[in-house]
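*Asks:* Sequence:
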Amino acid sequence: MTTIMQERDLTVRTVRSLDDIEAIAADWRALEAASADSLSYFQTYSWCRNWVAHFAANGGEHQPVIQTAWRGDTLVAVWPLMLTGRWGIRKIVALGDPHSQYCNAICHPEHGEADTVRTLLASSLATNGCDVALFRPVPESSPLVPALDVVPRIADYDNESSILDLSEFGSSEAYVQGLGKLQKRNRNRRRNHLARLGELSFEVIWPDHPDFAALVAEGTRMKRRWLKETGRYSTGFAMKGYEDFLGHLSGDKERLEGACLSVLRAGERVVAVELGFIHKRAYYAYIGGFDWELREMSPGKVQMEMTVCWLIDNGVVGYDLLANPADYKKSWSNTAIRLLGFAAPMSWKGRLYISAWLPMLPAAKAAYAAVSERMRKLMIFGQGVGCLILCF
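194 is the number that full-length UniProt numbering gives to position 194 of the sequence shown; each next residue is one higher, with no gaps.
Since the hints were derived computationally from the structure, they do not count as laboratory data.
Every residue, glycine too, gets a C-beta built ideally from N, C-alpha and C.
Hints are not guaranteed to be accurate.
Mimicking DSS-like on lysine-lysine, the simulated pairs with C-alpha atoms at most 25 Å apart in a straight line are [as the list claims (entries may be wrong)]:
no.: 1; residue 1: Lys228; residue 2: Lys240
no.: 2; residue 1: Lys330; residue 2: Lys301
no.: 3; residue 1: Lys181; residue 2: Lys301
no.: 4; residue 1: Lys330; residue 2: Lys223
no.: 5; residue 1: Lys253; residue 2: Lys228
no.: 6; residue 1: Lys223; residue 2: Lys181
no.: 7; residue 1: Lys228; residue 2: Lys329
no.: 8; residue 1: Lys184; residue 2: Lys280
no.: 9; residue 1: Lys184; residue 2: Lys301
no.: 10; residue 1: Lys330; residue 2: Lys181
no.: 11; residue 1: Lys223; residue 2: Lys301
no.: 12; residue 1: Lys228; residue 2: Lys349
no.: 13; residue 1: Lys329; residue 2: Lys280
no.: 14; residue 1: Lys280; residue 2: Lys240
no.: 15; residue 1: Lys329; residue 2: Lys181
no.: 16; residue 1: Lys228; residue 2: Lys181
no.: 17; residue 1: Lys240; residue 2: Lys253
no.: 18; residue 1: Lys223; residue 2: Lys349
no.: 19; residue 1: Lys329; residue 2: Lys184
Restraint ranges, calculated between C-beta atoms of paired labels, are given here [said to hold, decoys possible]:
no.: 20; residue 1: Ser171; residue 2: Asn192; range: 22 to 30 Å
no.: 21; residue 1: Glu22; residue 2: Ser201; range: 36 to 44 Å
no.: 22; residue 1: Asn192; residue 2: Glu140; range: 14 to 22 Å
no.: 23; residue 1: Asn186; residue 2: Arg269; range: 36 to 44 Å
no.: 24; residue 1: Asn186; residue 2: Gly72; range: 43 to 51 Å
no.: 25; residue 1: Val150; residue 2: Ala30; range: 42 to 50 Å
no.: 26; residue 1: Arg153; residue 2: Glu110; range: 40 to 48 Å
no.: 27; residue 1: Asp244; residue 2: Pro359; range: 17 to 25 Å
no.: 28; residue 1: Trp87; residue 2: Glu22; range: 40 to 48 Å
no.: 29; residue 1: Pro359; residue 2: Ser171; range: 44 to 52 Å
no.: 30; residue 1: Ser171; residue 2: Ser17; range: 24 to 32 Å
All chains should be modelled from the sequences, with the hints used to inform the complete structure.
*Replies:* Structure, rendered in structure tokens:
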């Protein structure tokens, strides 16, 4: 751990190794307990330590640059970042990118969030060997936002998280009763069709379950099949060891915190799986997979309905479908959180990246999404423009 900045009674230290991360485990977890921010799961010790252990422990493309702020012996803020890049462009981004879905910081509410984060920002922008700092997607409510007012916004960055607010439902029965007639009819039809394969059963399991890792792997296998069949490319899924990383996530059934897995079966057959995270009574719907051969029966929708009902009955107040708007996400949600993007150049290559490449991305991604599935499959197979767009 390197001390790189001292300001009055605030000390900023940069954490760069797995050993240094583990050395502050108790401090990090104590900070998490003091914070009420439900959008900070991807900044927790559990997520960050596990990600570094699997993808950044031995050097290589990803180098942790975790900014920590201390007052005496008390950790008052942590902003997990990393130095990464390809094709000659070195970037500061959120630790865990592209797997981490929010760029955020955890701050102690009693220790001056805004001033503390400004000091962490100055530290991150002083990182050697960096061409550009990209902070995205940042929740509009994040303690980072006031400090980032000195960093230019990414032009045309239009992003949001779709969320189903569960707090308005007193029970799962109230949620079901609130559905429209057509929604109820479709819900019953899907369940009846699936039940022809065998009695439907649903459970939520945790990492201490003996089948957790195997079922996580099954869910990712289902997701990979969907990506292949629909001609989509995922940089996160392309990273070697992704299933092993997910299978080693932690979760606590008694505290209702961390990783959990929704499993839907028809008879003995697993037909849909969803990996999610509960944090501060909010749920992140992270990866959903379903049996592609049963796609006409919509097993994924049945599983999502059952997961939502389970969450309501267990006191969880939000079902977060995460970043990147989509029609299906909007159909499941009743509110949204605006997400922001910021970019700071730190070299001539960074200035060129921001001025020439970033403005092209929205139109390029829209054009890529508009082509037929057949054409997308050819582009992915050839590692062509689709991969180039999504990798940046």
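*Asks:* Would you mind marking each hint as holding or not holding in the structure?
*Replies:* Status of each hint after checking the structure:
{"no.": "1", "hint": "Lys228 - Lys240", "verdict": "17 Å, holds"}
{"no.": "2", "hint": "Lys330 - Lys301", "verdict": "14 Å, holds"}
{"no.": "3", "hint": "Lys181 - Lys301", "verdict": "17 Å, holds"}
{"no.": "4", "hint": "Lys330 - Lys223", "verdict": "20 Å, holds"}
{"no.": "5", "hint": "Lys253 - Lys228", "verdict": "34 Å, violated"}
{"no.": "6", "hint": "Lys223 - Lys181", "verdict": "31 Å, violated"}
{"no.": "7", "hint": "Lys228 - Lys329", "verdict": "21 Å, holds"}
{"no.": "8", "hint": "Lys184 - Lys280", "verdict": "31 Å, violated"}
{"no.": "9", "hint": "Lys184 - Lys301", "verdict": "13 Å, holds"}
{"no.": "10", "hint": "Lys330 - Lys181", "verdict": "19 Å, holds"}
{"no.": "11", "hint": "Lys223 - Lys301", "verdict": "14 Å, holds"}
{"no.": "12", "hint": "Lys228 - Lys349", "verdict": "34 Å, violated"}
{"no.": "13", "hint": "Lys329 - Lys280", "verdict": "22 Å, holds"}
{"no.": "14", "hint": "Lys280 - Lys240", "verdict": "30 Å, violated"}
{"no.": "15", "hint": "Lys329 - Lys181", "verdict": "20 Å, holds"}
{"no.": "16", "hint": "Lys228 - Lys181", "verdict": "35 Å, violated"}
{"no.": "17", "hint": "Lys240 - Lys253", "verdict": "29 Å, violated"}
{"no.": "18", "hint": "Lys223 - Lys349", "verdict": "36 Å, violated"}
{"no.": "19", "hint": "Lys329 - Lys184", "verdict": "18 Å, holds"}
{"no.": "20", "hint": "Ser171 - Asn192: 22 to 30 Å", "verdict": "23 Å, holds"}
{"no.": "21", "hint": "Glu22 - Ser201: 36 to 44 Å", "verdict": "39 Å, holds"}
{"no.": "22", "hint": "Asn192 - Glu140: 14 to 22 Å", "verdict": "42 Å, violated"}
{"no.": "23", "hint": "Asn186 - Arg269: 36 to 44 Å", "verdict": "22 Å, violated"}
{"no.": "24", "hint": "Asn186 - Gly72: 43 to 51 Å", "verdict": "58 Å, violated"}
{"no.": "25", "hint": "Val150 - Ala30: 42 to 50 Å", "verdict": "30 Å, violated"}
{"no.": "26", "hint": "Arg153 - Glu110: 40 to 48 Å", "verdict": "30 Å, violated"}
{"no.": "27", "hint": "Asp244 - Pro359: 17 to 25 Å", "verdict": "37 Å, violated"}
{"no.": "28", "hint": "Trp87 - Glu22: 40 to 48 Å", "verdict": "33 Å, violated"}
{"no.": "29", "hint": "Pro359 - Ser171: 44 to 52 Å", "verdict": "48 Å, holds"}
{"no.": "30", "hint": "Ser171 - Ser17: 24 to 32 Å", "verdict": "47 Å, violated"}
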